[in-house]
Amino acid sequence: QVQLVESGGGVVQPGGSLRLSCEASGFTFSSYGMHWVRQAPGKGLEWVAFIRYDESNKYYADSVKGRFTISRDISKNTLYMQMNSLRAEDTAVYYCAKEESDRTAWFQHWGQGTLVTVSS
Amino acid sequence: QSVLTQPPSASGTPGQRVTISCSGSSSNIGINYVYWYQQLPGTAPKLLIYRNNQRPSGVPDRFSGSKSGTSASLAISGLRSEDEADYYCAAWDGSLSGPVFGGGTKLTVL
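Protein sequences, first through last, are from chains E and L. To convert, count from 1 in the first sequence and add 49; that's the working numbering. To convert, count from 1 in the second sequence and add 590; that's the working numbering.
Mixed in with the good hints, there may be bad ones.
Take a look, some chain L residues computed to stay more than 12 Å from chain E by CB distance [as the list claims (entries may be wrong)]:
#	residue
1	600
2	603
3	608
4	609
5	656
6	661
7	669
8	673
In silico lysine to any residue, SDA-like type, Cα no more than 25 Å apart, as pairs [unchecked claim]:
#	chain 1	residue 1	chain 2	residue 2
9	E	92	L	688
10	L	636	E	129
11	E	92	L	636
12	E	107	L	599
One-sided excerpt, in silico: chain L residues whose CB lies under 7 Å from chain E [to be verified]:
#	residue
13	625
14	635
15	637
16	640
If you are wondering where the hints come from, they were derived from the structure by calculation, not from laboratory data. Glycine included, every Cβ here is placed at the ideal spot set by N, Cα and C.
All chains, please: the whole structure from these sequences, using the hints.
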C-alpha cells in the first residue's frame, strides 16, 4: 500500500534553513508528481510546491518562491523541500502528497505531516 | 485570503442534509475538476470526492459532489456525529500553475 513518511521538521530561528524529506513506498515513485502542502496552526490548507513526475517542471506558491526548493531522488524514493530564509509565517505542519493525475488537485495519499516552527 | 471561497462554518442535526459551497473562477473550477477533502482534528486530509462527483472506495454514498460553472458543492445526507470535521474544496488553477484550496468549512453536528 502507498505510504508517505515525512521527516525533518523542528524548531528553527527566523532566517534559518531546514530540509524536509518525504519517503515514499508502495508505488512507482518516478511516475507521479509530488506536492508539498502546509497548514499553519488553526488555519486552512495552503499549497506550497509541486514537482512533475519527470522533474520537467517545478512550481511554487508566491509566498515561498525564491526561498524554497522542491526536489526528488528517484534512487531513494524520496521527495525533498529545502527551506531557506525562513519566516515566522512559515510555521506550519507540512504534508507531502502524491498526485493521482498530472496537474490536478487529486491527492488520494498524504503523509502524516511534519511540524516546522520558526521562532527565536 | 483563499482563491476558492467557502463558508467558514456549517451545521446540522443528525439525519439532516447539509450542503457546503465552493466558489472559484474561470482559471480553476471553471475549467478543471473539483476535489473535496475531509480533515479530522490532528490528522491529514482525506480525499472525499474526486473529479467533481466521484467517490473513492470506502467513502459512504452519503457524500456527493456537484459542479456548475465556476462553483461546486458538497452535500452530506443522513448527517452523523462522525461527520463533524473541516471540509476543503480544491482545484487546479491554470493561472497560478498549482492547486488552490478553499479556506475550509467547519461542520458542526448539533
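Each hint tested on the structure:
1. 600: 15 Å, holds
2. 603: 26 Å, holds
3. 608: Label holds. Min Cβ-Cβ 19 Å, cutoff 12 Å.
4. 609: Fine: 19 Å to the nearest Cβ keeps residue 609 of chain L off the interface.
5. 656: 16 Å, holds
6. 661: 16 Å, holds
7. 669: Non-interface label stands for residue 669 of chain L: nearest chain E Cβ at 22 Å, farther than 12 Å.
8. 673: 18 Å, holds
9. E/92 <-> L/688: 19 Å, holds
10. L/636 <-> E/129: 22 Å, holds
11. E/92 <-> L/636: Within the cut-off at roughly 17 Å; holds.
12. E/107 <-> L/599: Violated. Residue 107 of chain E to residue 599 of chain L sits at ~34 Å, over the 25 Å cutoff.
13. 625: 5 Å, holds
14. 635: Result: holds, 6 Å to nearest chain E Cβ.
15. 637: With a closest approach of 5 Å, the residue 637 of chain L hint holds.
16. 640: With a closest approach of 5 Å, the residue 640 of chain L hint holds.
When each numbered hint is compared with the structure, a violation occurs for hint 12 only.
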